[in-house]
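There are 2 protein chains.
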Amino acid sequence: MSATPHPESTLAPDWKTIREAHERIAPLIHRTPVMTSQSLDAIAGARIFFKCENLQKTGSFKIRGATNAIFSLTPAEAARGVVTHSSGNHAAAVAYAARRRGTHAWIVMPSNAPSVKMQAVKAYGGEITFCEPLISSRAETCARIERETGAVMVHPYDDNRIIAGQATAAKELLEDIADLDALLAPVSGGGLLSGTALGAHGMRPGLRVIGCEPQHADDAYRSLAAGQLQPLEKSDTIADGLRAPLAPRTFAILRQHVNKIVLVSEEEIIDSMRAVWERMKIVIEPSSAVAVAPLLRVNGVASLGLPPRPDGQPHKIGVIFSGGNVDLASLPFSRQVRV
Amino acid sequence: MSATPHPESTLAPDWKTIREAHERIAPLIHRTPVMTSQSLDAIAGARIFFKCENLQKTGSFKIRGATNAIFSLTPAEAARGVVTHSSGNHAAAVAYAARRRGTHAWIVMPSNAPSVKMQAVKAYGGEITFCEPLISSRAETCARIERETGAVMVHPYDDNRIIAGQATAAKELLEDIADLDALLAPVSGGGLLSGTALGAHGMRPGLRVIGCEPQHADDAYRSLAAGQLQPLEKSDTIADGLRAPLAPRTFAILRQHVNKIVLVSEEEIIDSMRAVWERMKIVIEPSSAVAVAPLLRVNGVASLGLPPRPDGQPHKIGVIFSGGNVDLASLPFSRQVRV
Numbered sequence: 209m210s211a212t213p214h215p216e217s218t219l220a221p222d223w224k225t226i227r228e229a230h231e232r233i234a235p236l237i238h239r240t241p242v243m244t245s246q247s248l249d250a251i252a253g254a255r256i257f258f259k260c261e262n263l264q265k266t267g268s269f270k271i272r273g274a275t276n277a278i279f280s281l282t283p284a285e286a287a288r289g290v291v292t293h294s295s296g297n298h299a300a301a302v303a304y305a306a307r308r309r310g311t312h313a314w315i316v317m318p319s320n321a322p323s324v325k326m327q328a329v330k331a332y333g334g335e336i337t338f339c340e341p342l343i344s345s346r347a348e349t350c351a352r353i354e355r356e357t358g359a360v361m362v363h364p365y366d367d368n369r370i371i372a373g374q375a376t377a378a379k380e381l382l383e384d385i386a387d388l389d390a391l392l393a394p395v396s397g398g399g400l401l402s403g404t405a406l407g408a409h410g411m412r413p414g415l416r417v418i419g420c421e422p423q424h425a426d427d428a429y430r431s432l433a434a435g436q437l438q439p440l441e442k443s444d445t446i447a448d449g450l451r452a453p454l455a456p457r458t459f460a461i462l463r464q465h466v467n468k469i470v471l472v473s474e475e476e477i478i479d480s481m482r483a484v485w486e487r488m489k490i491v492i493e494p495s496s497a498v499a500v501a502p503l504l505r506v507n508g509v510a511s512l513g514l515p516p517r518p519d520g521q522p523h524k525i526g527v528i529f530s531g532g533n534v535d536l537a538s539l540p541f542s543r544q545v546r547v
Numbered sequence: 209m210s211a212t213p214h215p216e217s218t219l220a221p222d223w224k225t226i227r228e229a230h231e232r233i234a235p236l237i238h239r240t241p242v243m244t245s246q247s248l249d250a251i252a253g254a255r256i257f258f259k260c261e262n263l264q265k266t267g268s269f270k271i272r273g274a275t276n277a278i279f280s281l282t283p284a285e286a287a288r289g290v291v292t293h294s295s296g297n298h299a300a301a302v303a304y305a306a307r308r309r310g311t312h313a314w315i316v317m318p319s320n321a322p323s324v325k326m327q328a329v330k331a332y333g334g335e336i337t338f339c340e341p342l343i344s345s346r347a348e349t350c351a352r353i354e355r356e357t358g359a360v361m362v363h364p365y366d367d368n369r370i371i372a373g374q375a376t377a378a379k380e381l382l383e384d385i386a387d388l389d390a391l392l393a394p395v396s397g398g399g400l401l402s403g404t405a406l407g408a409h410g411m412r413p414g415l416r417v418i419g420c421e422p423q424h425a426d427d428a429y430r431s432l433a434a435g436q437l438q439p440l441e442k443s444d445t446i447a448d449g450l451r452a453p454l455a456p457r458t459f460a461i462l463r464q465h466v467n468k469i470v471l472v473s474e475e476e477i478i479d480s481m482r483a484v485w486e487r488m489k490i491v492i493e494p495s496s497a498v499a500v501a502p503l504l505r506v507n508g509v510a511s512l513g514l515p516p517r518p519d520g521q522p523h524k525i526g527v528i529f530s531g532g533n534v535d536l537a538s539l540p541f542s543r544q545v546r547v
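Here the protein sequences come in this chain order: Z and S.
For what it's worth, the numbering used here labels the leading residue of the first sequence as 209, then goes sequentially.
For what it's worth, the numbering used here labels the leading residue of the second sequence as 209, then goes sequentially.
For reference, chain Z alone in the conformation it holds in the complex (with noise of 0.2 Å):
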């Protein structure tokens, strides 16, 4: 029996274990970049540096969870296989993760995820199984492949290593620029938004960090004004990675670490989506775009109240472009010539 806490066993990982998350995933992804924009500056009347999260391994943060939790396991764990469930990215990085590991991943999805997230698990090799598009037969069905496979769980965001892993992603923003007024990424289960606030005040403690929610999937939202955790009413955002509800864990770091929650509507997602590719030509799926929105509003910058910068210039604001993937067949520009 060992007295050191399994880190498990603790609220949050601490900023050793997302150092050392990042010297494990590394070599392992892409160190993505901080891009700009003339013209979305001049909107918001900030300077904002975007990290291209769009550009990374499997077209999305989640491989540094995936990456992390994975490469973290016991030799023994490790020829167990994983098994996890996710209708989007998470089912992806999971799968390609697992096979960079050279184990299994066993992913649970929902009969009506997109095809185009089921090809990418299987590109990956993957091994999918279907449920019911309920968020309980998801967990339900996990269980019952780790009973009957000895599958290690890696959940999309309730687990520490997870939390870790997509710590990093802000770890390496504030690397590359350090002097930022406040950081903005969007929330769902809080795997990312409870990840940058640690990676952010791991570098820079007390940095203003805004969570970014669809008012369509506002739980977030109402758990930090009620003080308490608050089920997910609905989730009928076109911001497909943005469906899941907050856990105990994520609520309780974003309770202790993030400043705020601002609400989007769908028209600002949709709006803000375009403006970053007809303006910055990268490829940003809804969820990304959530995280822009507040700042491409009139007031830009402005609506986000924040204190002026001790040398008066205008303020540098960081925002997590979370994924790029997206179903080209289907997309939500074409409203304008349907009119």
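No lab work stands behind these hints: they were computed from the structure.
Model, not experiment: these values are computed from the prediction.
Treat the hints with care, since some could be wrong.
Computed cross-link-like contacts, SDA-like style, restricted to lysine to any residue with a CA-CA straight-line distance of at most 25 Å [claimed, not checked]:
{"no.": "1", "chain 1": "Z", "residue 1": "K265", "chain 2": "S", "residue 2": "Q246"}
{"no.": "2", "chain 1": "Z", "residue 1": "K265", "chain 2": "S", "residue 2": "R505"}
{"no.": "3", "chain 1": "S", "residue 1": "K265", "chain 2": "Z", "residue 2": "I385"}
{"no.": "4", "chain 1": "S", "residue 1": "K265", "chain 2": "S", "residue 2": "E335"}
{"no.": "5", "chain 1": "S", "residue 1": "K224", "chain 2": "S", "residue 2": "R239"}
{"no.": "6", "chain 1": "S", "residue 1": "K330", "chain 2": "Z", "residue 2": "I385"}
{"no.": "7", "chain 1": "S", "residue 1": "K265", "chain 2": "S", "residue 2": "R309"}
Place chain S on chain Z using the hints.
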């Protein structure tokens, strides 16, 4: 009377002219990144290095030539303003460069030009004059504006200042990746392709330069095959940047410096554009896709018939992505769901 020939009187800009052009424009444009993609490399069976002029100011390489031409003007010439005709990227580039030089730009556009292109010209302060959608009408309208205003003509490609500017993209790519086996670029009027060949051969005499052209606008292919300039008989291609005819000047440079022209189908253009958006997460316009399409065929790089590399490694191929300006409201990707 000077004994020095004006650059316009010689057929092609020499290497010194190209280096001077690069010094002139480098502070005014982006040094665009060279991107790679493991999944496209796997399809092609080669290592591809993409020069991302879609991430260039104004969204295309055209700003290189336009900036070189407009910043080459004497103060007296610049005071007269500039005039050009273009339905697309050259129009926006001239408007942008003229504003930076502090001079006026008259832009002749066909009455059926896409509204997004007109908006870009207006946003950069250009003054649009509409003409009939005929090549002859464009030239006549430009000539009239020259007579009436004294403005200096900046032709989209039949101009050595323009060609020298476009040559700087290939020069930068070769500076970054020296040991390419071949360099691919799209061809329309031939400004980019002739510049690419001159820039490449300034850096690496003898480097294989291959032009890529839509089957539906194949005058360069037919002209090189026939050994004399052939008329553009049709231009009904989705690659809206590649609908212009070669000029005698660009044809002569291509004959001397380009190894061959490869034709690509409309379906190949759309599929290649889609592959780049999906795999690289960057927005390229159809004209850019034309230059990667030959590498994404079933035989990949083998279809180009290159000799093996001396080191036995996979071929290293440069591709110029010419631009990223697309109308997001009318993309060609929806055909799959509409079937």
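A quick look at each hint next to the structure:
1. For the hint pairing K265/Z with Q246/S, the CA-to-CA distance comes to about 10 Å; that is within 25 Å, so the pair holds.
2. With a CA separation close to 24 Å, the supplied pair K265/Z and R505/S stays within the 25 Å bound.
3. In summary, the hint linking K265/S to I385/Z is supported, as the alpha carbons are separated by about 23 Å, within the 25 Å threshold.
4. Proximity of K265/S to E335/S is assessed by CA-CA distance (about 20 Å); at most 25 Å being required, the pair is judged to hold.
5. Simply put, K224/S and R239/S have alpha-carbon atoms about 20 Å apart, close enough for the 25 Å limit, and the pair holds.
6. Under the criterion of a C-alpha separation no larger than 25 Å, the hint pairing K330/S with I385/Z is inconsistent with the structure, at around 34 Å.
7. A C-alpha spacing of about 15 Å is found between K265/S and R309/S, which places the hinted pair at or below 25 Å, so the restraint holds.
The structure is inconsistent with hint 6 alone, although it conforms to all the rest.
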